[in-house]
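Working from the sequences, and respecting the hints, build out all of it.
As you go down the protein sequences, you meet chains A and B in turn.
Under my numbering, residue 358 is the last one in the first sequence; the count climbs by one each step, no gaps.
Under my numbering, residue 300 is the last one in the second sequence; the count climbs by one each step, no gaps.
Because the hints were derived from the structure by calculation, they are not lab data.
Careful, some of the hints might be misleading.
[Claimed, not checked] Derived SDA-like pairs: lysine to any residue, alpha-carbon spacing no greater than 25 Å straight-line:
(1) A:K144 with B:I204
(2) B:K188 with A:E56
(3) B:K59 with B:A42
(4) B:K188 with A:E176
(5) A:K144 with B:I205
(6) B:K188 with A:V38
(7) B:K188 with B:F292
(8) B:K188 with A:V44
(9) B:K188 with A:T205
[Unchecked claim] Chain B is nowhere near these chain A residues, computed Cβ spacing over 10 Å in every case:
(10) S92
(11) K148
(12) D262
(13) R282
(14) T285
(15) G288
(16) R289
(17) S336
[Stated by the list, open to error] A partial selection of chain A residues facing chain B, derived with a Cβ cut-off under 10 Å:
(18) L75
(19) M78
(20) E107
(21) R108
(22) R110
(23) T123
(24) P127
(25) D133
(26) I199
Don't be surprised by glycine CBs; every beta carbon is placed ideally from N, CA and C.
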Amino acid sequence: MSTGGAVPSDPATGSATWQPDSTAILSVRDLKVDFVTDDGVVQAVRGVSWDVYEGEVLAIAGESGSGKSVSVLAAMGLLPPDARVSGSISHRGRELLGMPEKQLERLRGSAMSMVFQDPMTSLNPVMSVGDQIAEGARVHRKLRRKPARERAVELLDLVGIADAARRVDAYPHEFSGGMRQRAMIAMAIANDPDVLIADEPTTALDVTIQAQILDVLERARQAVDSALILITHDLGVVARTAHRLFVMYAGRTAETGMVDDVFEHPAHPYTAGLLAAIPRLDTPRGRRLIPIEGSPPSMLSPPPGCAFQPRCGRASDLCPKNPPPPLMLVSVPSHYSACHHPLTPLQTPIAEDSDV
Amino acid sequence: MDDPNNGVLAVDVVARSQWRTVAGRFFSHRFAVAALLAALAGYAFTFLAEPLTGWNYKELSSDLSQGPSSRHWFGTDTIGHDMFAQSMRGLQVSIHVSMVVATIATVLGTVLGAVQGWFRGRVDAGVGLLVDFLLILPLLPVLMVLATRTRAIGGSSLMFVAVVIGLFLWAPLARVVRGEVFSIREKEFIEAAAALGASNTRIIFRHLIPNVMSSVIVYATLTVATAILVETALAFLGFGIQPPEVSLGALVDEGRDAARTRWWLFYLPGAVLISLVLCVNFVGDGLRDAFDPRQRRRR
Chain A
3 MSTGGAVPSD PATGSATWQP DSTAILSVRD LKVDFVTDDG VVQAVRGVSW
53 DVYEGEVLAI AGESGSGKSV SVLAAMGLLP PDARVSGSIS HRGRELLGMP
103 EKQLERLRGS AMSMVFQDPM TSLNPVMSVG DQIAEGARVH RKLRRKPARE
153 RAVELLDLVG IADAARRVDA YPHEFSGGMR QRAMIAMAIA NDPDVLIADE
203 PTTALDVTIQ AQILDVLERA RQAVDSALIL ITHDLGVVAR TAHRLFVMYA
253 GRTAETGMVD DVFEHPAHPY TAGLLAAIPR LDTPRGRRLI PIEGSPPSML
303 SPPPGCAFQP RCGRASDLCP KNPPPPLMLV SVPSHYSACH HPLTPLQTPI
353 AEDSDV
Chain B
2 MDDPNNGVLA VDVVARSQWR TVAGRFFSHR FAVAALLAAL AGYAFTFLAE
52 PLTGWNYKEL SSDLSQGPSS RHWFGTDTIG HDMFAQSMRG LQVSIHVSMV
102 VATIATVLGT VLGAVQGWFR GRVDAGVGLL VDFLLILPLL PVLMVLATRT
152 RAIGGSSLMF VAVVIGLFLW APLARVVRGE VFSIREKEFI EAAAALGASN
202 TRIIFRHLIP NVMSSVIVYA TLTVATAILV ETALAFLGFG IQPPEVSLGA
252 LVDEGRDAAR TRWWLFYLPG AVLISLVLCV NFVGDGLRDA FDPRQRRRR
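Okay, here's the thing in structure tokens:
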């Protein structure tokens, strides 16, 4: 799929679910996050903008420290109080930055909810799994004990835990890693959120279970008809699950577009490097994977120009001085790349205020 | 393939909470169970003492300064009190006082410590100042002054003494809980609870405090023992609970001068006191081992 077909097919159902003209649920504009540390100011996120549309799966990819987790934690209002956040994050038009804590609490877990990376530590060891799943329903819907418990059984069943009626009373240590992650997913969808955020949901799991959990996540997403933001460093997961991809490097946007477009025609050398580093079944035996040389810059003092330039084979004199703005790719809508020397020819600079 | 059991056969799963596991371990600790039963039996017996022996602790008999006999099990004092009735009443009072003290100190210490650990910053500094202040205060002199100053407003009543001691004993527990909360608050499940919209109150009471309960319970039993000893020391010095009410400390104090001549006035209430404190400490040890199996010795 190389041309402007912007409607992807859903990997799980084979049907098109996402329309480019559907409404944005969560919009991030020029988000910057700084942490003040003893060594100086760490610029974790340096001005990113993205939208998540209804029913869409958006993958945010990048290596450790690229700011992918920090930007969604900012959206949830879960950053530590010493983080300095600027820009704008809005949920269905309502600004979240600066919103009073009480109002944010009402949104968290109902309109937006989150699945965490490590299911071994994300469940409270002294509370039964059922109570933890029911907690969301009790907090947000003011359900009483019994209906909340019934809801928990229903959700456990939905995420594929056998014998849910009995396992609802079990404690986290009686669950395997995969079962715990299923329980986490059940917790996250308990209140029909319209955005589900999954922060590396399969990273801590056994490879054999990862695919199962991705399926469960997709099933859960469809059951509540929400959008999904999938944070990952695994492009294999992206290819399998996501509709749209957003690649971050050193706190900035590197490239964004429909998954198929980006995979077919990566414009940013970093994205191309990531794709080249994926092991594939169709490469000849004995061929080595191509790593990206070097390491990402320190976020204490990021370079003034393109942050990827020191590791980039295509860099010119322009790159160390001027950070490239996101540019539009020829003939394909919604595919942008922040590069002076893209691998695929770019069209024109986009206007400052347009959606990315 | 989506195998809901992750390849594990669906065996009979019985939910086993931390509490059940701990209870199981505690009940396999014979010494601690014996101590718990002894303390409970002793407490129950304090109510049976009067119908059994026929003596009330306030009653004055015509038998003065008699040694232990079948009529007066623990003998009598110079004015004819039955010492067994007095010791049993003293035991009852000491248990009541220590329970009130332990409840107040445990609740205050747990909640304030958790609040400190969760909110950090100014809240932590403020409560921390109070904790430090209470920890450096010499407890007995302060309690003695309080007892004399407040005699007019009920300073010698049982409840008053208990509440005051309780208000002084929460600080060490608050420190322990604060420290543990500092480590637990960084765990992902706390972040997950916050991400599901749990409020501060909910996080503190439903997630943080249940996770520090093991330390709290062990500490609470130790506080019971401390409270008994503090009340005893206070009574021994002539403060706190006043006649006609008795406590074990007051009895030991009164029997002190007679220890050589009429030994039963001193040693018998003293033995009751020591047995009680020992029982409470054994229970505490058993609980600690039950919560932390690593500390258990091999047998």
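These are the hints, each one checked on the structure:
1. A:K144 with B:I204: Holds: A:K144 and B:I204 sit about 17 Å apart, inside 25 Å.
2. B:K188 with A:E56: 32 Å, violated
3. B:K59 with B:A42: Answer holds: B:K59 to B:A42 is near 23 Å, not above 25 Å.
4. B:K188 with A:E176: At roughly 19 Å apart (the allowed maximum being 25 Å), A:E176 and B:K188 satisfy the hint.
5. A:K144 with B:I205: 19 Å, holds
6. B:K188 with A:V38: 22 Å, holds
7. B:K188 with B:F292: 20 Å, holds
8. B:K188 with A:V44: 23 Å, holds
9. B:K188 with A:T205: 17 Å, holds
10. S92: Holds: least Cβ distance 19 Å, greater than 10 Å.
11. K148: 17 Å, holds
12. D262: 25 Å, holds
13. R282: 23 Å, holds
14. T285: 27 Å, holds
15. G288: 31 Å, holds
16. R289: 31 Å, holds
17. S336: For A:S336, whose nearest Cβ neighbour in chain B is about 29 Å away, the distance exceeds 10 Å, so it holds.
18. L75: 9 Å, holds
19. M78: 6 Å, holds
20. E107: The hint holds - A:E107 has a Cβ within 10 Å of chain B, the shortest such distance being about 5 Å.
21. R108: 7 Å, holds
22. R110: Holds. Min distance 4 Å.
23. T123: Holds, about 4 Å.
24. P127: With a closest approach of 7 Å, the A:P127 hint holds.
25. D133: 9 Å, holds
26. I199: 8 Å, holds
Going down the numbered hints, you'll see the structure goes against just number 2.
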